[in-house]
Amino acid sequence: GAVVSQHPSWVICKSGTSVKIECRSLDFQATTMFWYRQFPKQSLMLMATSNEGSKATYEQGVEKDKFLINHASLTLSTLTVTSAHPEDSSFYICSARDPPPSTDTQYFGPGTRLTVL
Amino acid sequence: GENVEQHPSTLSVQEGDSAVIKCTYSDSASNYFPWYKQELGKRPQLIIDIRSNVGEKKDQRIAVTLNKTAKHFSLHITETQPEDSAVYFCAAVQGAQKLVFGQGTRLTINP
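Residue numbers (my numbering), protein chains in the order written: chain A, 14 to 130; chain B, 455 to 565.
One or more of the hints may lead you astray.
Pairs of lysine to aspartate or glutamate residues, derived as EDC-like cross-links and limited to a Cα-Cα distance of at most 20 Å, are as follows [as the list claims (entries may be wrong)]:
hint: 1; chain 1: B; residue 1: LYS476; chain 2: B; residue 2: ASP538
hint: 2; chain 1: B; residue 1: LYS476; chain 2: B; residue 2: GLU510
hint: 3; chain 1: A; residue 1: LYS54; chain 2: B; residue 2: ASP538
hint: 4; chain 1: B; residue 1: LYS552; chain 2: A; residue 2: GLU100
hint: 5; chain 1: A; residue 1: LYS79; chain 2: A; residue 2: ASP101
hint: 6; chain 1: B; residue 1: LYS552; chain 2: A; residue 2: ASP117
hint: 7; chain 1: B; residue 1: LYS511; chain 2: A; residue 2: ASP78
hint: 8; chain 1: B; residue 1: LYS512; chain 2: B; residue 2: GLU456
hint: 9; chain 1: A; residue 1: LYS77; chain 2: A; residue 2: ASP40
hint: 10; chain 1: A; residue 1: LYS54; chain 2: B; residue 2: GLU493
hint: 11; chain 1: B; residue 1: LYS552; chain 2: A; residue 2: GLU76
hint: 12; chain 1: B; residue 1: LYS512; chain 2: B; residue 2: GLU533
hint: 13; chain 1: A; residue 1: LYS68; chain 2: A; residue 2: ASP78
hint: 14; chain 1: A; residue 1: LYS54; chain 2: A; residue 2: GLU100
hint: 15; chain 1: B; residue 1: LYS496; chain 2: B; residue 2: GLU510
hint: 16; chain 1: B; residue 1: LYS511; chain 2: B; residue 2: GLU469
hint: 17; chain 1: B; residue 1: LYS525; chain 2: B; residue 2: GLU510
hint: 18; chain 1: B; residue 1: LYS552; chain 2: A; residue 2: GLU65
hint: 19; chain 1: B; residue 1: LYS552; chain 2: B; residue 2: GLU456
hint: 20; chain 1: A; residue 1: LYS54; chain 2: A; residue 2: ASP101
hint: 21; chain 1: A; residue 1: LYS54; chain 2: B; residue 2: GLU459
hint: 22; chain 1: A; residue 1: LYS33; chain 2: A; residue 2: GLU100
hint: 23; chain 1: A; residue 1: LYS27; chain 2: A; residue 2: GLU72
hint: 24; chain 1: B; residue 1: LYS522; chain 2: B; residue 2: ASP503
hint: 25; chain 1: B; residue 1: LYS496; chain 2: A; residue 2: GLU35
hint: 26; chain 1: B; residue 1: LYS552; chain 2: B; residue 2: ASP538
hint: 27; chain 1: B; residue 1: LYS511; chain 2: B; residue 2: GLU493
Calculated from the model, a selection of chain B residues having no Cβ within reach of chain A, i.e. all distances over 10 Å [claimed, not checked]:
hint: 28; residue: ASP471
hint: 29; residue: LYS525
hint: 30; residue: GLN557
By construction, these hints were calculated from the structure, which means they are not laboratory data.
Since we're looking at a predicted model, the values are computed, not measured.
We treat Cβ as the ideally placed atom computed from N, Cα and C, and that holds for glycine.
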């Protein structure tokens, strides 16, 4: 099946710093990628939808200036958590859509565990 | 927007018995319903999915049923095994593949 990678798999940073997370589709071109956040023992919450070559669409309550998303190519989307604070500590997971005429299915990356001290 | 409710939040069954997890959705425009299995610290893995033009789909010990009129769908796992223990999420998709997840069910298989 289609493979999505994410880097880094975990990161620890100090409060106030910025962290960039990369999401790559390895064997297909993803016109649409999604970013989710998952707190412990909770469900996945969609943060934003990222379309290649255009601005991301953020879900209600997600600060676009804090969570910067760039989708510069058909295989790469990045999420930058700016001025991170301890409450931003979470498991961040991306997914990439393999569009028609292929499977038209979302494939998830392995996730990035962010810990802000 | 879409809202997905999932029940139960926890489920414990004896090995070999069946497990059923149920979800309801609110938006009749949703047309794709995947189920994911997530082990601790890992990515969600798609285990089965169903589209709105189908009422039931089966893959070995796993089956999903969909009732469009009632707007609910269910996951059925038969002959459960210890490796089935995980958190299961249902989801509903509308439009451009925007997944809305249920709250998750922690399934424990007791040997």
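**Item:** Which numbered hints fail
**Value:** Hint check: 4, 7, 8, 9, 15, 16, 23, 26, 27 and 30 fail, others pass.
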